[in-house]
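If you're matching positions, the sequence shown starts at -4 in this note's numbering and goes up one per residue.
Calculated from the structure, these hints are not laboratory results.
Please note that the accuracy of each hint is not assured.
[To be verified] Taking lysine to any residue pairs in the SDA-like style, the calculated list, with each CA pair at most 20 Å apart, reads:
(1) K245 to P234
(2) K99 to T168
(3) K273 to T283
(4) K273 to F55
(5) K332 to L769
(6) K381 to G368
(7) K303 to T283
(8) K133 to R243
(9) K784 to W997
(10) K145 to Q191
(11) K279 to F932
(12) K654 to E377
(13) K923 to T1073
(14) K724 to L750
(15) K248 to D159
(16) K99 to N385
(17) K527 to D451
(18) K279 to T523
(19) K99 to E357
(20) K43 to E56
(21) K756 to S741
(22) K332 to Q1077
(23) K43 to R60
(24) K914 to T1071
(25) K273 to L289
(26) K1061 to F1009
(27) K248 to T180
(28) K273 to E56
(29) K594 to G435
(30) K179 to T168
(31) K749 to L777
(32) K756 to R707
(33) K536 to T523
(34) K52 to G101
[Claimed, not checked] Quick list of the computed label-pair ranges, beta carbon to beta carbon:
(35) E610 to K749: 48 to 58 Å
(36) N546 to Y213: 16 to 26 Å
(37) C290 to R59: 53 to 63 Å
(38) Q195 to E113: 26 to 36 Å
(39) N546 to G578: 19 to 29 Å
(40) Q195 to H108: 39 to 49 Å
Glycine residues also receive a C-beta, built at the ideal position from the N, C-alpha and C atoms.
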Amino acid sequence: MLRWIRQQLGFDPPHQSETRTVYVANRFPQHGHYIPQRFADNRIISSKYTIWNFVPKNLFEQFRRIANFYFLIIFLVQLMIDTPTSPVTSGLPLFFVITVTAIKQGYEDWLRHKADNEVNGAPVFVVRSGSLVQTRSKNIRVGDIVRVAKDETFPVDLVLLSSDRADGTCHITTASLDGETNLKTHYSVAETAVCQSVSQLESLQAVVECQQPEADLYRFVGRITVTQHGEEIVRPLGPENLLLRGARLKNTKEIFGVAVYTGMESKMALNYKCKSQKRSAVEKSMNTFLIIYLCILLFEAILSTILKYAWQAEDKWDEPFYNQKTDQERNSSPILKFISDFLAFLVLYNFIIPISLYVTVEMQKFLGSFFIGWDLDLYHEESDQKAQVNTSDLNEELGQVEYVFTDKTGTLTENEMHFRECSINGTKYREVNGKLVPEGMTDDAPDGSTPHLIGDELLFLKAVALCHTVQISYDQPDCLVGGGDPFSHANGFSSSHMEYYASSPDEKALVEAAKRIGVAFIGISGDTMEIKTFSKSERYKLLHVLEFDANRRRMSVILQTPSGGYVLFTKGAESAILPFATGGEIEKTRLHVDEFALKGLRTLVVACRHFSPEEYIEVDRHLNAARTALQQREERLQEAFSYIERDLQLLGATGVEDKLQDKVQETIEALRLAGIKVWVLTGDKHETAVSVSLSCGHFHRTMNILELLQQRSDNECAEQLRILARRIKEDHVIQHGLVVDGASLSLALREHEKLFMEVCKNCSAVLCCRMAPLQKAKVVRLLKTSPEKPITLAIGDGANDVSMIQEAHVGIGIMGKEGRQAVRNSDYAIARFKFLAKLLLVHGHFYYIRIATLVQYFFYKNVCFITPQFLYQFFCLFSQQTLYDSVYLTLYNICFTSLPILVYSLFEQLVHPHVLQNKPGLYRDISKNSLLSFRTFLYWTLLGFCHAFVFFFGSYILMGEDTTLMGNGQMFGNWTFGTLVFTVMVITVTLKLALETHFWTWMNHFVTWGSIAFYFIFSLFYGGIIWPFLHTQDMYFVFVQLLSSGSAWFAIIIIVITCLFPDVVKKVFYRHLQPTSTQKSQSLSAPQAQALSCVESLCCYQHGQSGCSRLARLLEQMTGQCQASTNHCNSSSRSNRSWSDTENFYSNDRSILTLSPIEATHC
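Can you build the whole structure from these sequences, using the hints too?
What follows is the structure, encoded as structure tokens:
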């Protein structure tokens, strides 16, 4: 009973066998004691919290932060013992920090829940109780029969039962899973293919037995048992029978399938990684610094406690006449008294640990993240999409990236191929207005005339139109249904009526090009292929297809021509065709292929071979014998293919452009100059991936390409890796690129990780092809956990990229054509790959320098704050007397010094953004967390101690010997002394930040000078009025008396100058004698007086504004960059022109983030 309850609660799941049994339509057996298996429901969960675990889980994660945990302990100590300060001074800031952080993280997780609900609530149709019922995706159960219509995404992993086609086949694309855009054919078994209606499916008696869920997308083992007329028919099931969740149905009206894997057990979900809390390198540095400061705090507390007892060793100090001990104090335990004193000092000095640092960092990250969405340079006009921030915890990590892992399909490319050039019988041609024009000639034929093609050109185009595995989809659903001629739709066909779907994008581009030129592929019915040559129809009988494979790198078809002859058409890589060609212009074609490749075109070579009837009979015998062999079938097929594909007549070559996204090459080059290594991880074929890498600039033409492909054993893989390592060492001058496939990678990662990493790190670029989604994540993890611990970034657009996006330190989703899985699971989302350059080089640079200065400035100002308190104990017999009033203790970090650093951390720019984009090398200056190095941290800490000593002893020297600084002879007391130290401190730390500020807005001026003014005004009111709710008021009239003393004013000025003057001298000295490249680049910034603010131009635009632009204008009005009147926008002195109603809203040079001026001519 207890076990059953635990199982129902999910704590003790039942034992699972190695296989699962799925009853189609949930027709469970009625006899025997059948216990149904429990399966997961169909909900997809990408969120981290639930309503039940949010509070405990979030609190646990927050108290992992050292400062939060420390202040919790201090708060509890203040509650338990008598301490110099109130528990409110620690408890209130801690509560505020925890609450703000929880609200922020809860909001971000709510957005993930919202996205999950959209997917889980999508409408689907299932067969239940003899009818088609609409329900939500999350309600699908294992065993349900699901109907999916054309262009819909499969909501679960389905075994195909039937389709609207008589043969039970369907076509799908898996671009969102493995990145491949080609059409794949899937099959149903013959016994279920006939069940095309709901009533037939309802009466179907079938059981599917298959393996338990696993992540491998390309593996599925099962069988289906169909009961017909009392007889059980068993058929095998493989990957060709399984339709994966996330794939899309194409070229098929509808299909029916039975759900076998649902929800988080689907193959797509198993390739997701568990979402973990990502923590930036800056946060880890903060924790390290906090530990150091905690050690300083403990040292000060222990030293103060020891010195207190050393002083009290003398009776006159242990129990002076004016402070007699009580009996309880005399009889108390010395150990308990020592601990109590130690804790009291700990509380007194606890402000050296800045809890408000976390509040400020959270606010800076949250507010700063809006700038990415407001940046118009990251706005994509065609799709009307702006950049999106899913988590703001990693903003500064964008400035620390060392490795970028990118998907290929949909990330680097647009998934579009275009035919550009071809070579026919040694002559180069290009396509002009749907006609083939020889190189050097123009298209002089009148419009509408039929172009004349000679025999070689026609044969070449026929080969292109017939040698492929293209499928056709027609707009008219009845065009292939019914009796009569299966090609009847060809009469008067138009391009709008048909759509090609190909096994590779190259094939589709070539067939479409042949159609435009005049040789159109019309379709295939059974074994008959039809083409139309300038309105003349021709039918060829398809005898054999010699499928493409990676070893041969070519594919062929054997056809019977309309005249009864036999011909082989073949196409493939030049290295796979030219060695077997015996006729045609071989050398000229080879030269043309090299020219096409240098232009970045994907090349294919086309050839043919004519057979006599006797030769064809021999060919047919060879093929049939190989295909029916039970032993060594693959080897015998390779022998047969080699026997057939020889003595070829070369026809020509094609050059197809894989349309890259805009500015991909420039972006990759900018990342390389910034010191970032780019790895391409793709599920695509080796040849396709290498071709795209060359065309996008990932691989250079002069680069030595090393290959680790098709390794079959550990020993073979290890030997190949050693050979590659030797080649790199021997040829260290040349740049190397590495190509590795998924199978070889698995072997390399199994036992040869170190050797593999050594080879990879010595290569300028790495390309991994045929990668499963989890393999992508493994490669990212391999780099992440290497001894150097580099910061990694992964970018992709499909569900197959989710694992690596979640594994990398920073995950970026591309808002592509393949759904929103990558965007939902990413940290940031952008519309195009080219936006990555600005995201890293500008936004990342700014975020990092801002937060690095913020962190170190906080430690600096808290050292300045607490060190005088420590020094004061030497002058008050370590009696735990506070130097500052408790109100000043509470408000120092909350009010007096908080706003200047927050504004600085939102708007600071060391270098003009255009300079950062034009000089990517500046990114190297901030790499490897250089601004938060131990040396920099030590400088800020020592500076804080030095300034604190100057504050304290400067004030002490002024007042120590003669406290009669008032004009009327009145004396200063300890509160006046503490207030003088505090006043000097507030002014100095504020002006120190002003010295660090390079980019001034009116808001910086307002908060900098306003904070100092607020301190003076607050102190005058606080000390100048008797407040009835305060039970003691030690500060009454203290501040007024202090400011009435000319000596005090003189002391304030002298001490502030003494602190800051050496800092100014140091900055000038280093800038002139040892300037960094960043400091050199600061002089390149455009003069502000002759520049047009990026957002002023936005303010001038009157129409077509989105919510994005309204937020931008609000921000500009806050920062003073946008004038109340718009007349200045039309002023010729500021700009050469103004915006008109008809002009585009988008410009490449308008950045909301930077609030920076740009040249007027840019507008």
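Checklist entry - Okay, which hints does this one fail, numbers in order? => result 2, 5, 7, 9, 18, 22, 25, 26, 32 and 37
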